[in-house]
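2 protein chains.
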Amino acid sequence: MSQQSQPKLVIIGGGFGGLYAAKALKKATLDITIIDKRNFHLFQPLLYQVATGVLSPADISSPLRLILRGHENTTVLLDEALDIDTGSKRVILKDHESIDYDYLIVATGVSHHYFGNDQWQPHAPGLKTIEDATEIRRRIFSAFEEAEKENDPGKREAWLTFAIVGGGPTGVELAGAIAEIAHGALKGDFRRIDPDDARIILIEGIDRVLPPYPTNLSAKAKASLEKLGVTVETKSIVTHITGESLTVRQGESQKEIKAKTILWAAGVKASKMGEILAKSTGVALDRVGRVMVEPDLSVKDHPDIFVIGDLAHFAHQGDKPLPGIAPVAVQQAQYLAKLLNRKFQGESLPPFKYNDRGNLAVIGQNAAVVDLGFVKLSGFLAWLIWVWAHIYYLIEFDNKLIVMIQWGWNYFTKGRGARLITGETASAHIGNLSADASIYASKSGELIGKS
Amino acid sequence: MSQQSQPKLVIIGGGFGGLYAAKALKKATLDITIIDKRNFHLFQPLLYQVATGVLSPADISSPLRLILRGHENTTVLLDEALDIDTGSKRVILKDHESIDYDYLIVATGVSHHYFGNDQWQPHAPGLKTIEDATEIRRRIFSAFEEAEKENDPGKREAWLTFAIVGGGPTGVELAGAIAEIAHGALKGDFRRIDPDDARIILIEGIDRVLPPYPTNLSAKAKASLEKLGVTVETKSIVTHITGESLTVRQGESQKEIKAKTILWAAGVKASKMGEILAKSTGVALDRVGRVMVEPDLSVKDHPDIFVIGDLAHFAHQGDKPLPGIAPVAVQQAQYLAKLLNRKFQGESLPPFKYNDRGNLAVIGQNAAVVDLGFVKLSGFLAWLIWVWAHIYYLIEFDNKLIVMIQWGWNYFTKGRGARLITGETASAHIGNLSADASIYASKSGELIGKS
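Chains C and D supply the protein sequences, listed in that same order.
Per our numbering, the first sequence runs over residues 1 to 451.
Per our numbering, the second sequence runs over residues 1 to 451.
Treat the hints loosely; a few may be bogus.
Note that the list lumps identical chains together, so a pair holds whenever it fits in one copy or between two copies.
[Claimed, not checked] Below, simulated BS3-like cross-link-like pairs (lysine-lysine); rule was C-alpha separation at most 30 Å, straight line:
id, residue 1, residue 2
1, K8, K149
2, K94, K258
3, K255, K376
4, K376, K26
5, K258, K27
6, K376, K258
7, K255, K272
8, K343, K235
Simulated from the structure, these hints should not be mistaken for lab results.
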């Protein structure tokens, strides 16, 4: 193939950063390989809708091969990068031996961060993968089932208490969606409990929700959440989490909240590639392991290696690093495509500059907050902008028309058709995830009928 | 509640039999409890479409509570029946202690049957649950990924060989769908393999596929399968299955087929409730553990206990028992509703009679076989009837409009948007299911990023 003699670009990660880099380089005279552990691109901004039974996993996932089918210069490789050899310019892989590169883009994102309390993780799962989402979905809907079964009032209350740790966009979205489930979607479904009795508690360490937003939008978001029936606890630091409760410190006092369903939306840390890059290139990492990138998104002293998306700490614009959101990753990907094209023509490009088109967070149906810089909105209009913005991104993929129809349907019926409790029966859902998985194994592995 | 003094009907199983019994008894003066281990009714006839990446689990699942929300006389209980005490008229439960009944309907269906070779099961999963379907989906799409990675031509061929054991409707549907994936949906998606090279082998013990159908329809089904690129091996008895191959006996000769993906569609056995009923009532079971029911679907000497659906062996019509298909279960459920209503008025009802409206099996897009008794059809017209019949059933549920739109989309694009490889990475997908599940656990349990 003639491509063999073209410069080799390897992209690690098929999220917004990696995928959009490949997309933007469709016509480039490069031999591109995009590596991901999964066979699909995940539209993470809507993951909370899978976790809360609105959408199905496939609705927000598109096969990478399908998206890149028409890209003759691009190969999709299902594999995991284990190391980078900058001397011989190779990425060491798990299944394949290795792959050579002339240019390397690393866009492997972030995962949950429990601030040194990894033992909390089985009791308070975070939301990053499709499996996280179906696991959280299982826990939420199982909790109502368990409450329906429970005779002890105290225990029933614990099953009907949902605590979400972290008041950023994901925490706000989850809290709002669970409130809508409890106070709307499940109405009339139970005989012994009233789902309306459920308590949804959103816990945030600082003094307001949605910290990156202007204070008046934070206040509006809080008001919207409270209208939906969410208890917002600010200035509350989580000090302990078990399978039965969580403990928060509020100023001088501590209190324990009995809750069977605890979700983690409080922090992220860089994926392993951050450390690997630090070791192989000597690049500096920030406090959560993200890679400090140069103004052109390259790694210091390695002009052939770039880091973009959530994994990159870009400190050259404003007084804070750029936020870990899809628009930043996409713009960085598009910048790199331009940069590489210019490079081949012997030209250069000014440093990357993020064009902030605004911040969006949804609280519930008809309720969102939008900060477009020149205008700040909340309520129904903000929600319409949120819907429009997400559809705008989604339509770039295959059959995401389905999402719109599903939304339309849910909007008018307030139903949650995708509220499947899968992977395990409802009976023992809290506890160690490995134990859950062995139940899962016996479910799919044994010869059992429905009953 | 006034219901406390009404006769108590307990229904075990939320499949077609149990659910339709509850539906038909909406206005009955009964205190009805429907017990299922899962929180949703599964539209099993379309499960193969989840297994082959056309539909999402939620598309063919409806929450039982949602379907029965308007039924004031009905309680949905998520639990598992462990035993029946006919003396005190109680069903012993796993989570709740027990539940009293005046009338009992058992409709817990069937599971896979490996004819004494349960060790084959991890290598050749069957298709009964949502988890089965996503596991099979993972195996099918992972196989193409593994083939793309494989350098050894022999091993690559084994990854591209799909063997389906059993030429009944499920086997035919799976084989047809996999052929469409290999020869259509994945076209252009890979760089090193051509999915078109895949071999799909359908293995049937007797001399034709679709044994319950007239011979000329079997022949037409075989021709349609072969047109799709399926190799149909009849008079072939499977004698051995490993993670690498299966061995079949054809007359005097044996042959080994190297295949990494083997699916089981060859046999079913009754769910555990069959045995439990035999022990508690003394009722006779058939060879595969199904309950021999009386002409009115009751259990001998227990006029208050009924068995319907796949678990029932109804031998009072024709020379074979009624087939284990949804229409039989639904008609039996509707018969029982009528019977119970008559009983309360001191009247009786003639024995159950199945009104056979025909048999349908789909082979692929535009190809199906239909036996309506008075007319036998194959090809496009048969396929239209199949689509119509399934939509007719589906529209009784909530938002199954989505299924139709998804079908329409797939029809024109030949895409497989739901081809997610979830639960595990593609790298080690064959082998013991417990081992797979522990990988699953570490995936959802560990702090890993995308890469």
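Results of checking the hints against the structure:
1. K8 <-> K149: between (59 Å within a copy, 19 Å between copies)
2. K94 <-> K258: between (43 Å within a copy, 25 Å between copies)
3. K255 <-> K376: Answer is neither: 36 Å inside a copy and 71 Å across each miss the 30 Å cutoff.
4. K376 <-> K26: Answer is neither; intra-copy 37 Å and inter-copy 51 Å both fail.
5. K258 <-> K27: Classified as neither; 56 Å inside a copy, 41 Å across copies.
6. K376 <-> K258: neither (37 Å within a copy, 63 Å between copies)
7. K255 <-> K272: Neither: 35 Å inside a copy, 47 Å across copies.
8. K343 <-> K235: neither (49 Å within a copy, 65 Å between copies)
Taken one by one, the earlier hints fail for this structure at numbers 3, 4, 5, 6, 7 and 8, listed in ascending order.
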